[in-house]
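Go by the hints and put chain B onto chain A.
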Amino acid sequence: MMKRDECFRLLARHISDEAVVATYSSAVDWVVVAPRALNYTSIGAMGLDSSHGLGLALGRPDRRVVVLQGDGSLLMNLGSLVTIAAVAPKNLVHLVAQNDTYEANGGHPIPLPSVDFAGLARAAGYAAVYDFSDLGVFAQQVAQVLEQQGPVFATLHVEPSKPLAYDYPSLYDPEKRKAFKAAWRS
Amino acid sequence: MKLPGAGAAATSGALNGASIIASIKASRIEYVLSVPDIVTSAGLLRPIADDKELHLIRVCKEDECIGIASGLSYCDKRALILIQHTGFLDSLNAIRGIAVEYKQPICMMVGLLQHDPEFAPRASPRYGVRIVEPILDDMGIAHHLISVDADIAKIRPAIEKAYAEPGPVAFLIGRSPA
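Line by line, the protein sequences are chains A and B. What the first sequence shows, in the working numbering, is residues 1 to 186, in sequence order. What the second sequence shows, in the working numbering, is residues 187 to 364, in sequence order.
Chain A with its partners taken away, still in its complex shape:
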C-alpha cells in the first residue's frame, strides 16, 4: 500500500505547466508538495473536481490537466467517468487516490471499499487505465501516465492519512482563483 503524499512527490517531479485540480485530502497534500499558481483547489461541491478538470481541458486543448480526486469524491460524480470518456479530451489525466474512506468527513468507509475504480473507468471508455498499489511501479510509469494520449485514468491505492489540517479558507481563497486564471491564460 502506498502513501498519498509519497505518490504526489513522485508526480510533482513531472509537473511543469499543467493545471492540477485537487480537492479535500488530495489538495491538502498536493499544495504542500507542489505549491504553485496552477493549482486549482476551489471546487465548490464535492465530486465536481473531475468536471472542473474536463472544462479546463476542453478550454485549453494545448495544455494538460491533471485531476487529483479522492475515492469519496468520485463516488459522488461517477457519471463524470462516462461524460469524460465520451468527450475524450486527449489532455486530461484523472488520478484517484483510493483509501476506501471519506477521509475529510471523519474517516468513515466508502460504501464498498473493494470497488474497482480502474475497472469502471475502463468500462466507461477511457483511452488508458492504470491501477497502482506499489510505489516503485508508480515511479517507473508516472511519466508515461502523464504523457500518454488521454483521457487517462489511474487508481492510486493509498493508506488513510494521519489526521490532516484542512485549511479551507486558504484552499478556497479568491486570490488563488485569480492567480490560477492569470497563470492558466499565459
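Simulated from the structure, these hints should not be mistaken for laboratory data. Note that the Cβ used here is the ideal one computed from N, Cα and C, for glycine as well. Careful, some of the hints might be misleading.
Below 30 Å or equal to it, Euclidean Cα-Cα: the simulated DSS-like pairs (lysine-lysine) are [unchecked claim]:
| id | chain 1 | residue 1 | chain 2 | residue 2 |
| --- | --- | --- | --- | --- |
| 1 | B | LYS340 | A | LYS3 |
| 2 | B | LYS211 | A | LYS181 |
| 3 | B | LYS263 | A | LYS181 |
| 4 | B | LYS211 | B | LYS340 |
| 5 | A | LYS90 | A | LYS181 |
| 6 | A | LYS176 | B | LYS289 |
| 7 | B | LYS263 | A | LYS90 |
| 8 | A | LYS90 | B | LYS340 |
| 9 | A | LYS3 | A | LYS162 |
| 10 | A | LYS176 | B | LYS238 |
| 11 | B | LYS289 | B | LYS211 |
| 12 | A | LYS181 | B | LYS289 |
| 13 | B | LYS238 | A | LYS90 |
| 14 | B | LYS263 | A | LYS178 |
| 15 | A | LYS178 | B | LYS347 |
| 16 | A | LYS181 | B | LYS347 |
| 17 | B | LYS238 | B | LYS211 |
| 18 | A | LYS178 | B | LYS211 |
| 19 | A | LYS90 | B | LYS211 |
| 20 | B | LYS340 | A | LYS176 |
| 21 | B | LYS238 | B | LYS347 |
| 22 | A | LYS176 | A | LYS90 |
Residues of chain B placed beyond 10 Å of chain A at every Cβ, according to the derived structure [stated by the list, open to error]:
| id | residue |
| --- | --- |
| 23 | SER213 |
| 24 | TYR217 |
| 25 | PRO222 |
| 26 | ALA306 |
| 27 | MET325 |
To give an idea of the chain B side of the interface with chain A (calculated C-beta under 8 Å), a few residues [said to hold, decoys possible]:
| id | residue |
| --- | --- |
| 28 | LEU240 |
| 29 | LEU242 |
| 30 | ILE243 |
| 31 | CYS246 |
| 32 | ILE252 |
| 33 | ALA255 |
| 34 | TYR260 |
| 35 | ARG264 |
| 36 | ASN279 |
| 37 | ALA280 |
| 38 | GLU287 |
| 39 | TYR288 |
Below, chain B alone, put in the same frame as chain A:
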C-alpha cells in the same frame, strides 16, 4: 394566479427556438452543456446538436455542467447550461458553491417541466415549478422568464452581464420552443 396583463400573449404566444439559438450565438456562447429536457428537446437541443457553431457536451447529471462551465470560464470560453428544472433543483449545492459563492459566470437555461404558460411560474399549480423563482431569489441569482418571442431579447444582455460581473443567471423556459 394567471399571468397579469400578459394573458393573451402568454397563452397564445409562441417561442421561436431558432431565435433563441441565434441569441445564444450572439452572446458568444461556444459550449452548450446539457441533460435532455422534454420542454426544450425539439426546439433547442435537437437543432443545437446539429449546429456546427456550437459544441454540445452531453453530461450524465446536471451538476456536472456547473463544474464544466466553471473550468471553461477560466479559459475565457462561454458556456450555456441547458437543463430541466428538476435538474436545476438537483444541482443546487453546486450552484451555491460555484456560481454564487465563487461568483462564476454560470448561465443556465432551465425548462419548466409541465408548466402551463397561462400561469406565472411562482403561481403554478405544480409545486416543483412554483418554488424555482423563490429559490433563485433567495440565492440572489438573476433570472428571466422566456415564455414568448418578445422575451428572447432578454437573453444576450443578461449573458453579457453574467460574464461582466461575473455571476450566475437563469433563463426559465416557460413553454416549449417551436
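Hints, verified against the model:
1. The suggested pairing of B/LYS340 with A/LYS3 is violated, with an alpha-carbon distance near 53 Å, which exceeds 30 Å.
2. With a C-alpha separation of about 24 Å, the suggested pair B/LYS211 and A/LYS181 falls inside the 30 Å cut-off, and the hint holds.
3. Of the supplied pair hints, the one linking B/LYS263 and A/LYS181 holds, its CA atoms being roughly 12 Å apart against a limit of 30 Å.
4. The straight-line distance between the Cα atoms of B/LYS211 and B/LYS340 is roughly 14 Å, inside the 30 Å bound, and the hint therefore holds.
5. For the hint linking A/LYS90 to A/LYS181, the alpha-carbon distance of about 21 Å falls within 30 Å, and the restraint holds.
6. About 14 Å separates the Cα atoms of A/LYS176 and B/LYS289, which keeps this hinted pair within 30 Å; it holds.
7. A distance of roughly 18 Å separates the Cα atoms of B/LYS263 and A/LYS90; the hinted pair therefore holds under the 30 Å criterion.
8. For a cut-off of 30 Å, the pair hint linking A/LYS90 to B/LYS340 is broken: about 37 Å separates their Cα positions.
9. Distance restraint check for A/LYS3 and A/LYS162: the Cα-Cα separation of roughly 10 Å lies within the 30 Å cut-off, and the hinted pair is therefore satisfied.
10. Proposed proximity of A/LYS176 and B/LYS238 is contradicted: the alpha carbons are some 36 Å apart, above 30 Å.
11. The suggested pairing of B/LYS289 with B/LYS211 holds, with an alpha-carbon distance near 23 Å, which does not exceed 30 Å.
12. Distance hint between A/LYS181 and B/LYS289 is fulfilled; the C-alpha atoms sit about 14 Å from each other, no more than 30 Å.
13. At most 30 Å may separate the alpha-carbon atoms for a hinted pair to count; B/LYS238 and A/LYS90 meet this at roughly 21 Å.
14. Distance restraint check for B/LYS263 and A/LYS178: the Cα-Cα separation of roughly 16 Å lies within the 30 Å cut-off, and the hinted pair is therefore satisfied.
15. As the CA atoms of A/LYS178 and B/LYS347 are separated by approximately 19 Å, the hinted pair is consistent with the 30 Å bound.
16. Distance check on the hinted pair: A/LYS181 and B/LYS347 sit about 20 Å apart at the alpha-carbon level, within 30 Å; holds.
17. For the proposed pair B/LYS238 and B/LYS211, the alpha carbon gap of about 11 Å is at most 30 Å, so the pair holds.
18. For the proposed pair A/LYS178 and B/LYS211, the alpha carbon gap of about 27 Å is at most 30 Å, so the pair holds.
19. Between A/LYS90 and B/LYS211 the CA atoms are separated by roughly 26 Å; this keeps the pair inside 30 Å, and the hint holds.
20. Note on B/LYS340 and A/LYS176: the hinted pairing is violated, with a Cα-Cα distance of about 33 Å set against a maximum of 30 Å.
21. With a C-alpha separation of about 26 Å, the suggested pair B/LYS238 and B/LYS347 falls inside the 30 Å cut-off, and the hint holds.
22. Simply put, A/LYS176 and A/LYS90 have alpha-carbon atoms about 27 Å apart, close enough for the 30 Å limit, and the pair holds.
23. At roughly 17 Å, the least C-beta separation between B/SER213 and chain A is larger than 10 Å, which holds for a residue marked as non-interface.
24. Against the 10 Å criterion, B/TYR217 falls within the reach of chain A, whose nearest CB is about 7 Å from its own CB.
25. Once the 10 Å rule is applied to beta carbons, B/PRO222 is consistent with being away from chain A; the minimum gap is 14 Å.
26. Here B/ALA306 stays apart from chain A, with its beta-carbon at least about 30 Å from theirs, past the 10 Å limit.
27. Residue-level check passed: B/MET325 sits 13 Å from the nearest beta carbon of chain A, beyond 10 Å.
28. Using the Cβ-Cβ criterion of 8 Å, the hint placing B/LEU240 at the interface with chain A is not satisfied: the shortest such distance is roughly 13 Å.
29. For B/LEU242, the shortest C-beta to C-beta distance to chain A is roughly 10 Å, which exceeds 8 Å, and the interface hint is violated.
30. Of the supplied interface hints, the one on B/ILE243 holds, with its beta-carbon coming within about 6 Å of a beta-carbon of chain A, less than 8 Å.
31. Because the smallest distance between the Cβ of B/CYS246 and any Cβ of chain A comes to about 3 Å, under 8 Å, the interface hint for this residue holds.
32. Using the Cβ-Cβ criterion of 8 Å, the hint placing B/ILE252 at the interface with chain A is satisfied: the shortest such distance is roughly 7 Å.
33. A cut of 8 Å between beta carbons decides the hint on B/ALA255: the least distance to chain A is about 6 Å, and the hint holds.
34. Nearest Cβ of chain A to the Cβ of B/TYR260: about 5 Å, under the 8 Å cut. The hint holds.
35. A least Cβ separation of about 10 Å between B/ARG264 and chain A goes past the 8 Å threshold, and the interface hint is therefore violated.
36. At a threshold of 8 Å, the smallest CB-CB gap from B/ASN279 to chain A is about 5 Å, leaving the interface hint in force.
37. The beta carbon of B/ALA280 comes within 4 Å of a beta carbon in chain A, closer than 8 Å, and the hint placing it at the interface holds.
38. Hint on B/GLU287 holds. Least Cβ distance to chain A is approximately 7 Å, under the 8 Å limit.
39. Restraint check, B/TYR288 versus chain A: the minimum CB separation of about 6 Å is within 8 Å; hint holds.
Of the numbered hints given earlier, the model fails hints 1, 8, 10, 20, 24, 28, 29, 35; all others are met.
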